[in-house]
Amino acid sequence: MLTIGTPAPDFNLYSTPDQRYTLQDFQGKNLILAFYPADWSPVCGDQMSLYNEMLQLFRKQNASLLGVSVDSKWCHMAYTQARNLHFPLLADFEPKGAMAKAYEAYDDKEGQCHRALYVIDGSGIIRWNFLSPPAVNPGADGILDALEKIQAKK
Amino acid sequence: MAKLTPPPGPQDHARGNEGAPVTLVEYGDFQCPHCGHAFPAVEDIIQKMGNGLRFVYRHFPLSASHPMAKAAAIAAEAAGRQGKFWEMHHLIFKNQDQLSPETLFAIAQKTGIDLKQFSNDIQDPALEEKVDADFESGVRSGVNGTPSFFINGHKYNGSYDEESLMASLTF
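In order, the protein sequences belong to chains A and B. So in UniProt numbering the end of the first sequence lands on 154, straight run, no missing numbers. So in UniProt numbering the end of the second sequence lands on 171, straight run, no missing numbers.
Derived by calculation from the structure, the hints in this document are not laboratory data. Remember, predicted model here, so these are calculated numbers, not experimental data. Backbone N, C-alpha and C fix where the C-beta goes; we use that ideal spot for every residue, glycine too. Hints are not guaranteed to be accurate.
As the list claims (entries may be wrong) - Have a look at the derived ranges for each label pair, beta carbon to beta carbon:
# : chain 1 : residue 1 : chain 2 : residue 2 : range
1 : A       : D10       : B       : N152      : 29 to 35 Å
2 : B       : E102      : A       : N84       : 20 to 26 Å
3 : B       : K48       : A       : Q27       : 40 to 46 Å
4 : B       : E102      : A       : Q56       : 24 to 30 Å
5 : B       : H37       : A       : N84       : 22 to 28 Å
6 : B       : E43       : A       : D108      : 44 to 50 Å
7 : B       : G9        : A       : T3        : 39 to 45 Å
To be verified - Here are the simulated lysine-lysine pairs, PhoX-like style, with alpha carbons at most 20 Å apart:
#  : chain 1 : residue 1 : chain 2 : residue 2
8  : A       : K29       : A       : K109
9  : B       : K84       : B       : K116
10 : B       : K3        : A       : K149
11 : B       : K130      : A       : K60
12 : B       : K94       : B       : K84
13 : B       : K130      : B       : K84
Generate coordinates for the entire structure from the input sequences, incorporating the hints supplied.
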C-alpha cells in the first residue's frame, strides 16, 4: 500500500465502453478508491452493494467513489446493471492491473486486485488506506472516519 | 473499530429486561433472505434466554438489491407508532418472499392497527429519517452486510445459526 501523505498516482481508465475517468476529474473533491478482486464474486458483491447505499453519506463529505477491478468494461457494465450500482467501476484491464500495481494493490499470484481502500483528498494526496483480507468485507466505518477528518481540517 | 455507535437508547425498539446482562443488537433488512433465516433463530434465543437478554432491532435496508426493504422498515416504524412494531416485524419476516405495498397493508391490518393512521404515518418523512439514521449508525459501527449482530456493543463475526449465536451470548 502507498504511504499516507504521498501524492496519489494518476490513472485513466474506462468505466463503460464510452466513458473514462482520470484522477484530475476529481480535483477539489475527496475520492474513495475501492480495489476489489472481481465482479460477481460474493464478498465483493456485498461490499459494492453496501457502498452503493452509502453514496449519499459519501456525498455529504464531498466524496466520490470509484470501484476498481481487472474486469473489462463490458463485464463492469453487466455487473453494474445487475446490481443496480450508481457509481463507476474502473476496468483495470489493459495493461492488466496497471492502476492496481501503481497503488500497490495488485495480487500477482491471483492476477487480480487486493481488497484495498484509499481515501484521497481534493489535492490528490493519499489521506487514508486499508488492506483487508480477500474474504472479509471491510465495511465503511474507516472510510467515513477518514473523510470526516479531512473535512474537519478545512 | 467495530464498536456499536450509538449504544442502545430510547430511540431503539427493544424487547426484554432493560437490566439484562446481555444485549443483542441486530442490524437487519426485511427483504434479505439471510435475515429471514436468522429470524426464527433469534426468536428462539429470545424465548430461551428470557430475562437474561435484551434484544434491539435496527434497520439496515440495502435498497438497490431489495426494493421493498426500506418501505418495509418504514411500515414497521409506522406500526410502532401504534405500539405494534414487533408484531409488524414478525409478520414482515414471515412474509418476506411476497413483500409489496399491498402485502404491507395486509400485514398491517392483521396487527389490528388503525389503517388510516398507518397510511398517514408511512408518509411522514420523520420515519424515513429514523430508518436512515439506523443505517448510518450501522455503517459507522462497522456493519458490512445483513444480518449484523452486536453483543454488548461489540461486533459479532460468527455465523448466525442458533447454536453459534447462543454460544456467544452465554459465553
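For each hint, the structure was consulted:
{"no.": "1", "hint": "D10/A - N152/B: 29 to 35 Å", "result": "violated, 47 Å"}
{"no.": "2", "hint": "E102/B - N84/A: 20 to 26 Å", "result": "holds, 23 Å"}
{"no.": "3", "hint": "K48/B - Q27/A: 40 to 46 Å", "result": "violated, 57 Å"}
{"no.": "4", "hint": "E102/B - Q56/A: 24 to 30 Å", "result": "holds, 28 Å"}
{"no.": "5", "hint": "H37/B - N84/A: 22 to 28 Å", "result": "holds, 23 Å"}
{"no.": "6", "hint": "E43/B - D108/A: 44 to 50 Å", "result": "holds, 48 Å"}
{"no.": "7", "hint": "G9/B - T3/A: 39 to 45 Å", "result": "holds, 40 Å"}
{"no.": "8", "hint": "K29/A - K109/A", "result": "violated, 34 Å"}
{"no.": "9", "hint": "K84/B - K116/B", "result": "holds, 15 Å"}
{"no.": "10", "hint": "K3/B - K149/A", "result": "holds, 19 Å"}
{"no.": "11", "hint": "K130/B - K60/A", "result": "holds, 18 Å"}
{"no.": "12", "hint": "K94/B - K84/B", "result": "holds, 16 Å"}
{"no.": "13", "hint": "K130/B - K84/B", "result": "holds, 17 Å"}
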